[in-house]
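Asker: As you go down the protein sequences, you meet chains C and P in turn.
If you're matching positions, the first sequence starts at 1 in my numbering and goes up one per residue.
If you're matching positions, the second sequence starts at 1 in my numbering and goes up one per residue.
No wet-lab data here; the hints were simulated from the structure.
Beta carbons: idealized from backbone N, C-alpha and C, even for Gly.
Please note that a few of the clues may not be correct.
Stated by the list, open to error - Covered stretches of chain P, going by a simulated chain C footprint (3 or more residues, C-beta under 8 angstroms):
(1) 11-23
(2) 353-362
To be verified - Computed list of chain C residues with no C-beta within reach of chain P, every gap over 12 angstroms:
(3) Glu20
(4) Arg43
(5) Gly82
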Amino acid sequence: MGAVGIYQWLDNVLRTEYEEVRLLKQSGRGSVRLIRHRATGRRFILRRYSGEAEVYRKLLDYSCPNLPETLEVAVDARPGEGVRSLVLEEYVQGDTLDFLLREALFTPEEVRKTARQLCRALWVLHSLGAVHRDVKPENVILRGDEAVLIDFDAARLHKPELESNTQILGTAGFAAPEQYGLSQTDRRADIYALGILINVMLTGQHPSQRQAEGRLGRVVERCTRVNPARRYLNVLRLMEAL
Amino acid sequence: MERNQRCPRCGAALPEEASFCPFCAGSINRRTAVEPPSLRGRRVLRALLFSAVLAAAVLAVFLLTRPRVYDGVGEVVYTDADGTYQLVLALPENRYEALAEQSFHAAEGEPYRVPSRLYINHTDSGADAGQLFLQKVDSATAELLPLDESLGTVSCSAPAPHSAAPDAALVSLVDFTARDDYTAQMVWTLHMTNGDTIRLRQELHVALIHTYNYHPEDAPMETLADLQALVDELAETAEPYDKLNLFLPPVTYEGSLVMEERPINLYGSEENGRRTTFTGTLRVASRDSWITYIQGIDFVGDGGVGISASARLWVEDCTFTGWKTGVLGYGDAWVNVIGCTLADNEIGFHFNSEEGAASHSMYNDNRFVDNGTAVLLERVPTDLTLNFQDSLFSGNGTDIDNLCRQPIDITQAVFE
């Protein structure tokens, strides 16, 4: 069966077996909806957008407590009409960090725990050759004790130039040193964003306005260095520092 | 549409590639739970690896007493009741040619990941026999023989099908770093359901990328002619993977410098109020994908172009004044301008590249002052958002002329 087939099939089944609870986000590129399975009442996130779904497709095979489970991906690629994607995703219940930060700041121990969990989520993405590119309080949901990193709309797989003699597998996490291209710097862009988030959780402010003090302040400082080569090499190193 | 699988819970007919049954709202694909490795557990891992190697050695002695143990470098031909198979560690370009060794260049301390791919072919027809053969395999492992830690680290993942090499039966991802040149041996082991054992070996050669620094006391570089001669000589004599840094004296170079064979990094200096200065165009047109770094240099012009780059370029802590165009990126160049002052130019920074991969998204901490147009984005490869964080725009005719509608982030830029 072709890719168009599963897209239409899934689209049809979703329209009959599910009902929309509410529209969460709408943009020129697509929409994000909370939907409910009529028979069981289970709720899911449904993303419809124009473009590929490479990152979501990779996540189909993996589970991590700090990422929402991607349940189904269907892509419709018709010649001349562009590519449309449907992504069905686990609905993560909880409050966003952004919402919680309106009430109070976090203790250093809470920040360490949350940041480590976000490192786990980023490690999975980076290991799959993807970078999130939009780590921020609005995209982190606290589900009980677990922080869950959501919204991969900005995430992208990286395909640096292949070197025919070395056959480097181009992944953002491991592929190439900075001299070879984008991968290192882009992976470290997530580390940069996580550093900002750590600072905001501790102080409520961007580090340029007020940087956290102490050991976590030094972690923030290293995460947010302008030269990406001077940041943590990868999230494992950041986890170790945390 | 064919529906050739059924939901194990509700029995609904589903497309073959479905991962989820929308009728009973349950997942039907098998997921792998992933957890990052613990860096603190390295010693434990090494001990476990050593134990695993020891156990494998004991197992090997045991199996050697059995009649069917196969061992090959890059390739094994295996025959059973169903036919003869070629098991080969190879590249996707030629799944029949054994790759006894793989060679890589690596920067010191940087992490790399490369795949090792196992292809399985019918020897008679040459057809892909991977799926059929794997039904006869009880388990598959891959390991790397222990390496002297002072040289680097290396490890590999358990063999499994991988989307990056869909035609390969199994793939193991090798992660490595290097502190010096080294060779490690990778050993694939397939335990067959009939008790046979198949081993395939492959050598991994890692060569360190060397860095060479040249100061005024090392080579003549007082005049532009000296500098051009040095650049040309290095382009001819340096190894392709060498990293070359020139630390320039605080002199003024009159005329244009051309660097077109390979990337050579230029670092200016300052002494008694004098800074390294160029009055002519610096042309960067190297032929490989490495980035050329230019740092701490003043470019003082009277029309023309300060730096003209058709290759990847990173400019930091430099000034550009009096040019028709201060910095120009074209061809397949990606150019980053960071921490620079661009003043009194017709165009400060002009991005007009058709192709090429991005190096970095940041254009931070610049001062664009009194230019006709501070930033002209005519063509920019990729849709990466260019971030002008903490850059100052003051007194320009046009601050940013975004002709190609490139995504830009100016939320933290300052406009006066």
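Asker: Run the structure past the numbered hints and jot down the numbers of the failing ones, going up.
Answerer: Of the numbered hints given earlier, the structure breaks just one, which is hint 4.
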